[in-house]
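Asker: Sequence:
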Amino acid sequence: MRRPALHSASTYRQSRRGSLTASPLGSRPQGRRGFLAALGATGLSALAGCSALAPRGPLEGTPPVAPDAPWPTAHGTPANDGRTTSPGPPDDSAVAHWDLFEHADSLLAAYSAPVIGDEYAYVARVPNRDFDAREDASGRLFALNPESETLAWTRPLTVPASGPPALLADRVVVATTAGELLAFDAEDGTARWSRVLGAPAAPPTTTAGRVFVGDGDGRLHALAPDGTRVWSATHGPAVEGPVVGTRPPAVAKPTVGEAFCFAVFGRKDGRTLVAYRLRDGGVAWTRDYPGTRIGRPPAVDAGVLYLPESGGLCALDAATGEERWFHAFGTYRAPSTPAVGDSGVYVAAKNAYALDRETGRERWRYVNASTGHVDYRHPLRASPALAGDALYVGVGCLEAATGEARWGEFGNDPEETADYYGATREAVPARGGPAVGDGALYVTMRYGRLYRFGGGR
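Numbering (the UniProt record's numbering), first residue to last: 1 to 457.
Quick caveat, the hints were computed from the structure, so don't treat them as lab data.
Among the hints, erroneous ones may be present.
[What the hints assert, rightly or not] DEER-style ranges, computed between Cβ atoms:
1. 295 with 107: 21 to 31 Å
2. 401 with 188: 37 to 47 Å
3. 406 with 342: 18 to 28 Å
4. 399 with 149: 40 to 50 Å
5. 330 with 303: 27 to 37 Å
6. 356 with 388: 18 to 28 Å
7. 188 with 302: 19 to 29 Å
8. 85 with 129: 26 to 36 Å
9. 108 with 330: 25 to 35 Å
10. 375 with 107: 17 to 27 Å
11. 149 with 107: 19 to 29 Å
12. 303 with 401: 18 to 28 Å
Here the structure is a predicted model, which means the values were calculated and not measured.
Every residue gets a Cβ at the ideal spot worked out from N, C-alpha and C, and that includes glycine.
Model the full assembly from the supplied sequences, consistent with the hints where possible.
Answerer: Quick look at the structure:
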């Protein structure tokens, strides 16, 4: 195993652009939208219209409880902090894989990051942004059985999923680019309920008692495990979206902290980060980022929100939105959602970085030598995952404390030695990152191969 190049120099500054707007206590978001009643005995219904919403969420200050599963949502937890107490695989683990692309109608299909339930691992077919949408018109949800190394079940979707699925009680929930939120039985794939949001949906985030999902008309929805509405909040007037007459669309899965749910919305001239109160959907504060193209969800831990911004990672006070520090990654403009440990924050931004939680200063760097998607060499873009002293990034493992390579590939290998990366832009890990649990690591390659390192789950 080659050793990484470690560097101590970093680009760091204490303040950063981004205008902050605080909402007064007791304020409500504008244009609250309600939900239509359930349609028929099957529980199928639509979300639309306007109604008064009675708050039924947890009180502020109540920490969200993650669903009882090894890795129930992309980035591991409702907080998107990318870490688990469950062990990862041994360094010399056996490798298995599933070729999901064998079930695709088009070779141009792309696939989501995995999530891990009590019995199965789950992956969804998602849009391939690099090709014409007409070549990518349908979607699919997969359940893989790790013990038998077989496909447990699969369900077609009329359009691609918007991102990774999420687990909610005994359901697996997936959102679609047509604005549906669909729930299937996690064991056998039976359809349980669906909701029509009215606009293309971002990927969902789940806690033990809620599912949160943003849509393309500036709304954030909170639903109960049976699909009934808890609250819905609308962000922005209908003139601030990318197209005149539309509201800013949600562009990433929500992040759920102790008192707030954080969502990122797109505008024609940038992005807006909104902090909603879990209790009722009221807006606590917003922060605008003109000219930026934030497309990855933030992570929150211990009262600090870590937001991937164009060119850097910004640490904010989760309660107020005030900036604490900003770390720039040079010319690289698309950092990942970080994994957050007790003393470090870990980011993929072409290279892999460990930053100090308190100051944002660089602790170590694992250098990725690619100059783009060239000759099997690719920049590190997928979010990392942290399990104990192991940091899983790319298709391999680094020492979390030092950045030294333990095993695997990190986008640096040429064709002669690359076992996992390939020559195309799709032959890279899905950007939602790996899933870790019960002694196993799962990595989805965007073209449709799911790897499992280790056993158990």
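Asker: Now tell me if each hint is right for this structure.
Answerer: Hints, verified against the model:
One distance hint, 21 to 31 Å for the beta-carbon pair residue 295 and residue 107, holds here, with the actual separation near 25 Å. At about 43 Å, the beta-carbon gap between residue 401 and residue 188 stays in the expected band of 37 to 47 Å. Hint check: residue 406 to residue 342, Cβ distance near 20 Å, so the stated range 18 to 28 Å holds. Separated by about 30 Å at the C-beta atoms, residue 399 and residue 149 break the suggested range of 40 to 50 Å.
For the hinted restraint 27 to 37 Å between residue 330 and residue 303, the CB-CB distance of approximately 29 Å keeps it satisfied. For residue 356 paired with residue 388, a C-beta distance near 19 Å keeps the hint of 18 to 28 Å intact. Checked against the hint of 19 to 29 Å, the C-beta distance between residue 188 and residue 302 comes to roughly 39 Å, which is inconsistent with it. Checked against the hint of 26 to 36 Å, the C-beta distance between residue 85 and residue 129 comes to roughly 34 Å, which is consistent with it.
Taken as a hint, the range 25 to 35 Å holds for the pair residue 108 and residue 330, whose Cβ atoms sit roughly 32 Å apart. Judged by the Cβ atoms, the range 17 to 27 Å given for residue 375 and residue 107 holds: they are separated by roughly 21 Å. Hint check: residue 149 to residue 107, Cβ distance near 24 Å, so the stated range 19 to 29 Å holds. Checking the proposed 18 to 28 Å range against residue 303 and residue 401 shows it holds: the Cβ atoms sit about 24 Å from each other.
Of the numbered hints stated above, those contradicted by the structure are hints 4, 7, listed in ascending order.
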